[in-house]
Amino acid sequence: MTANAGPTVGRPNGPHPSLRRKTSRGTILADRAATVVLWGTGVFVLALLGSILVHFALAAWGVVSPSFVLTDPSDSALGGIMPVLWNSIYMLVLTMLIAVPVGLLGGIYMSEYAGENALTNAIRFAEEAISSVPSIVVGLFGLIIFVDDLHMGFTALGGALALTLFNLPLMTRLSEQALRAVPQDERSASLALGATKWQTIRHVVVPLAIPGLVTGVILTAGRVFGEAAVLLFTSGIGTPPHYNFGNFDLLSQASPWSPFRPATTLSVYIYKLQSEGLGAYVHQIVDGSAAILISMVLIFNLGARFIGRLLTRRLTAA
Amino acid sequence: MPSSANAAVYTQPVLRRVEVTPSRTAEEFAARPADVKIATENVSILYGEKIAVRDVSLTVQERSILALIGPSGSGKSTFLRCFNRMNDLIPGAHVQGAVHLDGENVMDPDVSVVELRRRVGMVFQRPNPFPMSIYENVAYGPRRRGMNDRRKLEELVETSLKRAALWDEVKDDLRRKSGLALSGGQQQRLCIARVLATEPEVILMDEPASALDPVSTLRIEELMRELRQAYTIIIVTHNMQQAARVSDVTAFFTMAEDRAGYLVEVGPTGRIFTRPNERLTEDYISGRFG
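Protein chains in written order, with the numbering used here: chain U, 1 to 318; chain S, 1001 to 1290.
There could be a bad hint or two in this list.
Derived EDC-like pairs (lysine to aspartate or glutamate); straight-line CA-CA distance at most 20 Å [what the hints assert, rightly or not]:
1. K1162(S) to D1110(S)
2. K1171(S) to E1158(S)
3. K197(U) to E1049(S)
4. K197(U) to E1115(S)
5. K1162(S) to E1115(S)
6. K1177(S) to E186(U)
FYI, nobody ran anything at the bench for these hints, they're computed from the structure. A quick note: this is a predicted structure, and the numbers were derived from the prediction, not measured.
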């Protein structure tokens, strides 16, 4: 067909509708408004996050230094936060050691084994109910069960268990969602090759769900880092002693490695200083601690994503 | 194998039974001819209360290709999935009747589906390689049954890829390239290689070329003709030319008034496409419905 052969499709002889046909003014306005509102919302959220970061970056300027991060509170007038920062990381690791495996197994059960029945409905209801319990109430529950009834006293382990209780529903739900998002085709392919159900879960479903699972870990970890109310009555609130990192006696109250000691975390420490702290530099310490807390969350997020990518590669290609 | 041999088998009792006679007895099935690989006996498949496939009996000869054709909803794919018991995975699905593989009923409760699926492999409609390297895709089945010897695995991966006519295209980046980075046609051949690596006897193919371009489709068809020399193949296809080109025997399915699929007739492909016994088959093949 050549260019001047004339039109052969459409309606060669009929009237052509104009491409510039008028769309109603209202429709156009609604379209523009939606664009503006949605962009506006996105920018607003980003600006909010940015302003928090900038605020604490400015406030912490001159406070945060290597010695602030690496010394004890009693070492100088400004005071360091090393012990409470250590406790935050310690609590994070301890909580994750309990919550991640249990949450993942729970998610696998809910996604791959449970199906839809009265039991799973009850589990989902319980997940939502526990998630919506105020954290201070979870803290009180931890106080009654772990601290008093089990006579554990204020311990890192009690705090980690209370945090697990608080975070397990979220971790389980997010794991379940991540696993469910793996296409059915992948399961069928594996089963049709003669793999067992567990092999299919272990070698196909879980590896493919890792990005979603990592999101679950990050969200849970963020809550652990930031949580103060749950820990006030479980792992304790106080100025930590000088830690001797050479003491590996896991049963000793004095060892920073022991789960059976009180462990004031960074968040709890901020709460304590802000509400009852006395001294010339309290506000500087609070600002510096907040900046460190935010940085830790960011570092953890990035680190978890990086590890997630490595894991995906390991599990799908090893 | 001359096609007259096929004709002999497929115009014998089974076909007549499908058309008119009552069910064959278990003794008759036990006395199957030596080269029958698969025989189904009054297979019906239900989803809950709804019947999807009704009363299908047919046999598949060893090292031949059986094509299941028919309109959408006639139960071909559902029927195909009872050979490796993939219907087990569908909640509410229930299979009645017997499916004999080398004389053993795969529906027996003590049959291991894992063993069954190693012997009866399956290629799906949409190519579905795992998001792993090409090597890992092919090694997946053997690894799951405990093969860890690196040398043996490498050998098996190579043979399988060669048999699936994919080796030359991928041999240079077996471990670096993801199975998903291949073209659609290559992905489907990878899926075939992945099945071959489990060393099956029967390969089920559920419209294996329907998502592929014509050139890739022809390659898959060529491959099927080659594989036929060593494997028994059952293919579901919407494409009648494809059935005519590749299969030795064709089974035509359609829907009854209650929407249950049933087998209209089965016979040597040449005859089904030129002189079908049933009016329904003729109408479908000549494009009058379906």
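Tested hints:
{"no.": "1", "hint": "K1162(S) to D1110(S)", "verdict": "violated, 36 Å"}
{"no.": "2", "hint": "K1171(S) to E1158(S)", "verdict": "holds, 8 Å"}
{"no.": "3", "hint": "K197(U) to E1049(S)", "verdict": "violated, 27 Å"}
{"no.": "4", "hint": "K197(U) to E1115(S)", "verdict": "holds, 13 Å"}
{"no.": "5", "hint": "K1162(S) to E1115(S)", "verdict": "violated, 25 Å"}
{"no.": "6", "hint": "K1177(S) to E186(U)", "verdict": "holds, 19 Å"}
Hint check: violations occur at hints 1, 3 and 5; the rest are consistent with the structure.
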